[in-house]
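A.B. asks: So the chains spell out like this:
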Amino acid sequence: MSPAASRPATEPQPKASIESRQRPVLVDLGARAESEKAMIARARAVARIAAEHAADVDAKARFPQEAFEALRTQRLLGIMIPAAHGGEQASLATIAEIGSILARGCSSTGMIYAMHQIKVSSLVVHCGADTWHRGFMARIADEQLLLASATTEGGGVGGDLRSSVCGVMRDGEDFTLEKEGCLISYGAQADAILITARRTPEAPPSDQVMAVVTRDQYRLERSAVWDTMGMRGTCSDNFTFAGRAPAQQIIPTPFAEIAAQSMLAHAHLLWAGVWYGIAAEAVARAESFVRGEARKRPGTTPPSALRLAELLARLQQFKALVVAGLDRYERARDDADELSSMGFVVAMNSIKIAASQSVGEIVSQAFLICGIQGYRNDSPSSLARLMRDALSAPIMINNDRILGNTSNLLAVYKHDSSLSR
Amino acid sequence: MKSRIKDILKTTARLPVDVATLSDDADLYNAGLTSFGTVELMMALEEAFEVEFPDKMMNRRNFASVAAIENAIQSIQSERV
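Here the protein sequences line up with chains W and F, keeping their order. So the first sequence is numbered by the numbering used here: it starts at 282 and just counts up by one. So the second sequence is numbered by the numbering used here: it starts at 89 and just counts up by one.
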C-alpha cells in the first residue's frame with residue numbers, strides 16, 4: 282500500500298519530513314547569512330570559469346566540463362542537503378542566486394545546476410525519514426554527485442511528466458526498469474538519474490513512483506543527439522534507459538505528491554533565477570556599450586541611454602517577480618496545504634510564464650541598444666548566444682501547456698488581490 | 089454521503105479506474121485524478137451539497153480521497169450552521 286493511502290487524510294505531513302526540513306534560519310541567522318555569502322562568492326569564481334568556456338560549449342554543443350569540475354572543487358553541488366546528512370542546508374534563495382550567477386557566465390551551466398538542484402530537492406523534501414536516501418544524500422554532499430532527471434518518455438507521453446508508459450518490475454529484492462525515448466539532460470555526464478515510472482506495469486499511467494538509480498546500475502543507449510539553437514551545453518540527448526537496482530532506492534512518497542509539493546515550486550523558481558541571470562547579463566552588456574558610447578562623446582547623453590533606462594525598469598520588474606516568488610515559497614515551505622493550494626499553483630505557474638517571456642523580451646530590447654555590435658558574434662557586446670539561449674524559456678515545458686493547466690482551474694479559482702501576500 | 093461522493097466521482101472526475109474498486113481512503117491522485125478533474129469534481133460537489141469551497145480549502149489534501157472530501161464538505165457545512 283502506498284504511504285499516502287495508509288496515512289489518515291487529516292494529517293498534513295509525516296513528522297519526519299517536517300523535522301528534516303527545519304530551517305537553519307531558526308538556528309543561527311548570522312552564521313547562515315555568512316556561510317551563504319561564502320557560497321555565493323564561490324559561485325562567482327565558478328562563473329568566471331564558465332564564462333571563459335561558454336563560447337566553446339555553445340559552438341560544440343558540449344557539456345560544460347570545466348564549470349562542473351569547478352563546482353565540485355568549490356563543493357556547490359550538495360549545498361541544499363541538510364547539515365544532518367552532510368550538506369550545508371542552503372536556502373532556495375541562495376541556490377537561485379547561484380543559478381543566476383552561473384547563467385550570467387554560461388546559460389547551460391546555470392540551467393544544468395538548476396536542474397540538478399531540482400532533483401536534489403525531491404530527496405531533501407521527501408526522503409528525510411528514509412534510510413537509503415539519507416545515505417545517498419550524504420554521498421551527494423561528500424562525493425559531489427551530479428543528478429539528472431528522466432521524467433519524459435516516448436510512446437506519446439512526451440513532455441507530460443505526470444504520465445508514464447513504462448512500469449517498475451519487481452524481481453526479488455530488486456526492481457528493473459526500461460524506459461524508451463526519454464530526454465535526459467546531461468544524461469551521459471550524470472552520476473545518478475532520478476527516473477519516473479508506473480508503480481507496476483499494470484498501474485494507471487498517473488500512478489507513478491520516482492527511483493534513484495546510480496551510474497553503475499543503468500545503461501543508456503542514445504537515440505537522438507541534442508543539436509539545438511540554444512542551451513546547447515545541456516546535452517539533452519534522448520536515451521533508452523535500462524536499469525536494475527535494489528527496491529529500497531524507490532522513493533516511498535508517490536511521484537504525484539513529489540511533483541505537486543516540491544518539484545513545481547523548485548523548478549519554476551530555479552529556472553526563473555537562471556533566466557533572470559541571462560537577462561541580467563544582456564543588460565550588463567548593454568550598460569557597458571552605453572558607457573563606451575558616453576565616453577566617446579563627453580557632454581552628450583548617447584541616444585541608447587534612454588532605451589537602457591527603459592530596460593532597467595523591465596529588469597527590476599523581472600527581479601521583483603523572482604524575489605517575491607522565492608519569498609512566497611520560503612513562507613509556505615512547511616505548510617503542505619499551502620504548497621498544494623490552487624493559489625500557490627497558479628502563482629508558480631504565473632512566475633514561469635512571466636519569467637520565460639521576460640528573458641526573451643529583455644534580451645531582444647538590448648539589441649536596440651547594442652545595435653550591430655550586439656548582433657555580431659565576435660564583439661564584447663554580442664547578444665547572439667544570450668538570445669538563442671533565452672528562446673528556450675517559453676518552450677521548456679511549453680508555456681501553452683502551463684497556461685492550459687492554469688486555465689483548467691479557473692472555473693472555481695478566485696485570485697487573492699492582497700498586496701501583502 | 090460517501091456513496092453520493094462516489095457517484096459524483098464516477099460521472100465527473102474522469103478517473104481511468106473503476107470508482108467502485110476504490111476504498112474510501114484510496115489516494116485519488118494516484119488513481120489518476122488530475123487538476124482539471126479536481127475542478128470538475130469541485131463544481132459538481134458544490135452543486136450537489138449546496139456548499140462553496142473557500143480558497144483556503146482548495147488544496148490537494150481536501151480532495152485526496154473520498155473520506156477527505158466528506159470531511160471537507162462536513163467542515164464547510166458545520167461552519168455554516
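Derived from the structure by calculation, the hints contain no laboratory data. Yeah, the Cβ is synthetic: ideal placement off N, Cα and C, and Gly gets one too. It is possible that part of the hints are untrue.
Claimed, not checked - Listing some non-contacts, in silico: residues in chain W with all C-beta distances to chain F over 12 Å:
| no. | residue |
| --- | --- |
| 1 | Ala336 |
| 2 | Ala410 |
| 3 | Pro485 |
| 4 | Ile678 |
| 5 | Gly685 |
| 6 | Thr687 |
| 7 | His696 |
Claimed, not checked - When the alpha-carbon atoms are kept at most 30 Å apart in a straight line, the in silico DSBU-like pairs for lysine-lysine are as follows:
| no. | chain 1 | residue 1 | chain 2 | residue 2 |
| --- | --- | --- | --- | --- |
| 8 | W | Lys695 | F | Lys90 |
| 9 | F | Lys98 | W | Lys341 |
| 10 | W | Lys318 | W | Lys600 |
A.B. asks: Determine for every hint whether it applies to the structure shown.
C.D. replies: Hints versus structure:
no.	hint	verdict
1	Ala336	holds, 42 Å
2	Ala410	holds, 19 Å
3	Pro485	violated, 5 Å
4	Ile678	holds, 15 Å
5	Gly685	violated, 9 Å
6	Thr687	violated, 9 Å
7	His696	violated, 9 Å
8	Lys695(W) to Lys90(F)	holds, 27 Å
9	Lys98(F) to Lys341(W)	violated, 54 Å
10	Lys318(W) to Lys600(W)	holds, 19 Å
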